[in-house]
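If you read the protein sequences in the order shown, they are chains U and G.
The opening position of the first sequence corresponds to residue 1 in this note's numbering, with each subsequent residue numbered one higher.
The opening position of the second sequence corresponds to residue 1 in this note's numbering, with each subsequent residue numbered one higher.
Don't read these hints as lab results, they were simulated from the structure.
No residue lacks a Cβ here, since even glycine has one placed at the ideal position from N, Cα and C.
Treat the hints with caution; some may be incorrect.
Estimated spans, in silico, between C-beta atoms of each pair [stated by the list, open to error]:
| # | chain 1 | residue 1 | chain 2 | residue 2 | range |
| --- | --- | --- | --- | --- | --- |
| 1 | U | Val139 | G | Gly146 | 23 to 33 Å |
| 2 | U | Arg77 | G | Leu456 | 53 to 63 Å |
| 3 | G | Gly47 | U | Asp88 | 39 to 49 Å |
| 4 | G | Arg175 | U | Gly134 | 24 to 34 Å |
| 5 | U | Ala204 | G | Gly146 | 40 to 50 Å |
| 6 | U | Ser132 | G | Arg204 | 22 to 32 Å |
Just a sample of chain G residues kept apart from chain U, beta carbon distances all over 12 Å, derived [unchecked claim]:
| # | residue |
| --- | --- |
| 7 | Arg58 |
| 8 | Leu71 |
| 9 | Thr233 |
| 10 | Pro338 |
| 11 | His395 |
| 12 | Ala404 |
| 13 | Gln414 |
| 14 | Leu419 |
| 15 | Val421 |
Under the rule of at most 20 Å between Cα atoms (straight-line distance), these lysine to aspartate or glutamate pairs were calculated in the DMTMM-like manner [stated by the list, open to error]:
| # | chain 1 | residue 1 | chain 2 | residue 2 |
| --- | --- | --- | --- | --- |
| 16 | G | Lys56 | U | Glu74 |
| 17 | G | Lys121 | G | Asp212 |
| 18 | G | Lys56 | U | Asp60 |
| 19 | U | Lys137 | G | Glu301 |
| 20 | U | Lys78 | U | Glu236 |
| 21 | G | Lys341 | G | Asp212 |
| 22 | G | Lys56 | G | Asp385 |
| 23 | U | Lys137 | G | Asp212 |
| 24 | U | Lys235 | G | Glu196 |
| 25 | G | Lys121 | G | Glu302 |
| 26 | G | Lys121 | G | Asp214 |
| 27 | U | Lys137 | G | Asp214 |
| 28 | U | Lys78 | G | Asp53 |
| 29 | U | Lys137 | G | Asp36 |
| 30 | G | Lys341 | G | Asp36 |
| 31 | U | Lys235 | G | Glu197 |
| 32 | G | Lys293 | U | Asp136 |
| 33 | U | Lys137 | U | Glu126 |
| 34 | G | Lys341 | U | Glu224 |
| 35 | G | Lys406 | G | Asp318 |
| 36 | G | Lys293 | U | Asp131 |
| 37 | U | Lys137 | G | Glu302 |
| 38 | G | Lys341 | G | Asp34 |
If you want the building blocks of each chain, they are given just below.
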Amino acid sequence: MNPAATTSARDTILARIREALRVPAPLPHMQSHATEVAAAAGPAGLTILPAEVARPWLPDGGETPDERLAILVENLRKLRAEVHRAADLTAAAGLVAGMAATRGWQRVAWHGHAAVEPVAAALGCETCRVDSGGFDKNVLEGCDAGITACEAAVAQTGSILVSSATCGGRALSILPHVHIVIVALDQIVATLGDALDELRTRHAGRMPSMLSFITGPSRTGDIERILVLGAHGPKELVVIIVG
Amino acid sequence: MTPGSTDAPHAFEAETPRLAKKKFLHDAAEHVRDTDHRAFVRRALGGYYTSRDTQKARYRDWEQARDAASLAKWSAVNRLDELLPRFVANFEANGGRVHWARSAEEARDIILGLLKTAQAKAVIKSKCMTSEEIHLNAALEQNGYGVVESDLGEFIQQLRGEPPYHFVFPCMHVRREEISDLFGKHLGTPPTDSPEELTMIARRHMRRLYVDADVGITGANFLVAETGQISITENEGNARLTAALPRVHIAISGIEKVVEHLDDLAVLLPMLATAGAGQPMTCYNTLYAGPRKPGECDGPEEMHLVLLDNSRTAILADPEQRDSLHCIRCGACLNVCPIFKNVGGFTYGTTYQGPIGSVITPHLRGLADWNHLSGASSLCGACTDACPVRIDIHHHLLHNRRNAAKNSPSRLEQLGHRLFVMVASRPWLFATGGAIFRKTLWLTKKLRLPLLCDWLATRDLPPAPERSFRSQWRTRS
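For reference, chain G alone in the conformation it holds in the complex (with noise of 0.2 Å):
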């Protein structure tokens, strides 16, 4: 979504961009008073780590892996300009109808003539970031049309009336007796502390509506240009149903999706399990190409998939960040972040969280008022690590904060940048001003300076040494 843009404004987001980076500060500073939140969310991913390693050990070489799904992607996002045709030429021969759409507006506009011109009555929708990113269940809202989100973690922040916490497990900060107290509320359930019995409860639910659907909206993970095929990863087979009964399929992925050959999902698709969710692969990794054929038995009578670009060609137009273009929504990268961990999901206010969603927001929603984001790290690269696509992203975070300064500089950075040069190049005027700051360092904490004390209110300051650096040197032994 590009600022200015007419957008429904989301729950979660703040009503004006300018209040993006105060709303941040504010949800942080709250979520890591919260011990209890971030003591649930570790313990929630502490089994993650035990099996992505357990994985990862059967790889023969993990890295060199990861050299070949980058490279993968890097092949298929700097040739988007040939293969994204040959796809759409595959696809649209295999049956399947394209719709472009440059921003959120026109995907909203084109998804509810779809849905205008089937004459829907019920829509079934399996998880798909995409649709969160351009807030498609707001606008069929209302426009009429019912919608219910099939994915369990979906379906719950449904019925909370929220967002994802996390792109891959959008309620993993939600405890059972809640969800229980939910289902309870809206579906009449009888309480229950069983996530086999909470998830029995939606299953139920949900069965009917996957038959009585005549829409079933999905994303995309991936857009095979040799075949025209798409492909959609999911573990729990709601995707599968989605696009198995209703009458019409709607497919909805970014134009950035695209890989050239089939073969290169033999490579992604067990590394983005692996990498996001420690399993050797989804349990259902499906392709589809286009509506149902002749002498099939079923699916549906029509197919279409709505091509988004929605500024993702802003960011392919940086060279230096285009990389960012390779990820593959796996969430590892959120699963090892320390900020994550310790602000959550919802504070991030963006579609995408975590330190991904802190690179790529700044190119979609605008530089000056999603900057802060760049500042949601510890440069630990804990997620340049974790990426299975090797995407630089701690780099792509001081290239914003670098980019940002350029674009805004701030008059009070450049005054304190002069004052240090003209003191770090005269060494008598060094050696004094170190000497006055070892003696009055405690002073620091006490005076409650205006810029520091925002800054030194989380952290402690060490204990001066009683001598210099160069004065300890110049008499070592």
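Just chain U, with the same shape it has in the complex (with noise of 0.2 Å):
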């Protein structure tokens, strides 16, 4: 590829762009205030954030830690997540290590966290450590079930939020046929919004290569818009809140 080439080929979109913009376009036909708010601040100073805006207008996240749990499990459920509650860590083993042994499964793969150790730990059969170290990408595609941490778990839509840097990287949460993840109660967050917040302080200025928001199993509509679970990614969501 010639570089030259793609300096020009950004000059001319930019100067487009600049050239396009001269003329100004009128806001959008809006119902609420925010038309006032934005005609007030201008478009070039635009200020306002409408996610702030808009937050007393999204379905609801719950005010108290209760109302944020019960949402949580009711979004879950509705998205056939499989819900679990355990006391602490060592219930919350003692429930995955039932679920390997009746489900028969044969290696299941983890990472390196304070939450998955102990779960992992408790397992009767092979293990499969996703670290950074590297490990084999084969390997993992033939395991069952992959545990995992996450960084936050949203009541409003029933989401877990995983990153790349806390929860196992990338494959782990996507390619075993089932994910299990650990969850604990005061990771429970009411909106998107304050999910991407706490992410924002925790990471500052270095955000991991992935985020992802996980809201159920996998799923297709594909064939005639009829819903199946587990297209390609796991076809069962099991969430276990430790607390």
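Fit the two chains together into the complex; they arrive one by one in their own frames, and the hints show the way.
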């Protein structure tokens, strides 16, 4: 590829954009006070964040921890995720070990994390540890289940937020047939916006290379719009809420 | 694609643009007659309406949430000059590489160059309408690269040798028996009538391909200027696998996909899912900030992003229709459009079907040849009501009609209008004409008048009233 050509494509496109924007466009037809807010701010210095404005209009995520937990569990069940409560990590480990035994799992993948290690240690079957030292993706492909931690759980949408930094990289939460995720009670947040805020504080200035909101097990409706779970990602999402 | 560019002809596009209108009228007539097909498509969309309404009801105020979504896109598109360079700087700071493409041809050349450098042997691809727009698969195959579409619907369409029927639900027109036969023929699997079993066939077939591919190609739904991340929305997990396992990740995106803040996604992601597919969120909404970072255990070594103009700046230059760049490709306007449901997705002959496709295609490929799409609307406004980012879709169809009339006025229409002005401005002539017309209305269908008979072929005339409105008004009690 010719670098000069790329530079000139860049310059042409940016010049076209600047030229195009010389004539301002009218504001969209809106129904709320957002119109006045935006008009007051003007097109050049529009400083309001739609997310902040929109918060009271979006689906409810709950005000108290109890409400948030109830909404999260309800949303996850509607999404056909399997939800369990566990008093502590030992109880969670017992749950997962029981699952592995009854379903006859041959090999389960996991990653180094304080919430995952005790669960993986209690497994009776073979395991595959996914870590920065490198792992064989062929082995991971053959695993029955993967256990990960999460960054947050969002009550509003029933989403589990995982990242490549703290949840075993990119493949662990998507390649095995079952995804087991350990959620601490205090990781439950009300809205998507809250989850993004937490992330920004936690990974200040250095976002993990992948962040994923997982909302239920993998699904498709491509054949006659009929819902089928387990298209390419996990067929089952098991959420264990600890605490 | 601009007219006259050197794009390879697409199987379902008219060979020459001049034929586009003719082909549209022909295909529309064929599809409208196919009542089985229409019933099938309607049935497939039936569940969508219910689940969309259930999800919309969870919003505390859907209409105001639409305001916020439209404002987020409006403020980004109208400050693209500032936000696009900011996005690019942040994306590159994350370790990604940006490639600019003015046209479809440039984008294809860039991607072919990247595949050559990567010495790619196997390419896996997740659903990406921008790649359909630039006819990427044909170019890859011509250059000897095997490429597999991993999205189930796109995979089925790839095996069928057809483009997507609907830009969100690519194979919604295909029956399960046809898919079973298709898989039997290409993958040697036994016949089945279970959508679940068919899905599992594709799942089993694809898993090795993700692991063995050395390059993964995806689209992008949003480009976040603040953080330099790209956001990808999907349900199946195929995009996540495509961006997780291969050594090189190439994403393709139109330049208009920029949003300013990460927080904007807290509004746009759920609304896209609710409006487009009746879901609270699509199953996987993933943000990528460059390739694998130090300390992470997997992910590609390189990440490239191809930023495509391909006439988007021409839409940007039209302030009246600039908001059509707000489109987040949710597909809601197709799902509610009576024309789409009757003529079907292929009739449009475009990458982007339905109402939004009818608005933007004349900009992308020339108004003269694609203006007929502006007529593919009953102007009922269902599309505008359904749009989560409040694009004024049906008015833009009117704007396109007006612009086309301005550019190349039809002498016949002008004559007609002049006649009408002459008659309407002379009350005695109007009354006499009306009286004659009331008596002879029944003849118009019998006489097979040259222009009228086409129009009347699918329409019934109402019976003529006995007396004119003005005469009824004069004698009102």
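To see whether the hints hold, each was checked on the structure:
no., hint, result
1, U:Val139 to G:Gly146: 23 to 33 Å, "25 Å, holds"
2, U:Arg77 to G:Leu456: 53 to 63 Å, "56 Å, holds"
3, G:Gly47 to U:Asp88: 39 to 49 Å, "41 Å, holds"
4, G:Arg175 to U:Gly134: 24 to 34 Å, "46 Å, violated"
5, U:Ala204 to G:Gly146: 40 to 50 Å, "43 Å, holds"
6, U:Ser132 to G:Arg204: 22 to 32 Å, "30 Å, holds"
7, Arg58, "4 Å, violated"
8, Leu71, "5 Å, violated"
9, Thr233, "10 Å, violated"
10, Pro338, "18 Å, holds"
11, His395, "10 Å, violated"
12, Ala404, "21 Å, holds"
13, Gln414, "30 Å, holds"
14, Leu419, "36 Å, holds"
15, Val421, "31 Å, holds"
16, G:Lys56 to U:Glu74, "17 Å, holds"
17, G:Lys121 to G:Asp212, "9 Å, holds"
18, G:Lys56 to U:Asp60, "12 Å, holds"
19, U:Lys137 to G:Glu301, "15 Å, holds"
20, U:Lys78 to U:Glu236, "13 Å, holds"
21, G:Lys341 to G:Asp212, "40 Å, violated"
22, G:Lys56 to G:Asp385, "13 Å, holds"
23, U:Lys137 to G:Asp212, "10 Å, holds"
24, U:Lys235 to G:Glu196, "11 Å, holds"
25, G:Lys121 to G:Glu302, "16 Å, holds"
26, G:Lys121 to G:Asp214, "7 Å, holds"
27, U:Lys137 to G:Asp214, "13 Å, holds"
28, U:Lys78 to G:Asp53, "15 Å, holds"
29, U:Lys137 to G:Asp36, "46 Å, violated"
30, G:Lys341 to G:Asp36, "12 Å, holds"
31, U:Lys235 to G:Glu197, "13 Å, holds"
32, G:Lys293 to U:Asp136, "18 Å, holds"
33, U:Lys137 to U:Glu126, "16 Å, holds"
34, G:Lys341 to U:Glu224, "15 Å, holds"
35, G:Lys406 to G:Asp318, "15 Å, holds"
36, G:Lys293 to U:Asp131, "13 Å, holds"
37, U:Lys137 to G:Glu302, "18 Å, holds"
38, G:Lys341 to G:Asp34, "11 Å, holds"
When held up to the earlier numbered hints, the structure conflicts with 4, 7, 8, 9, 11, 21 and 29 and fits the remainder.
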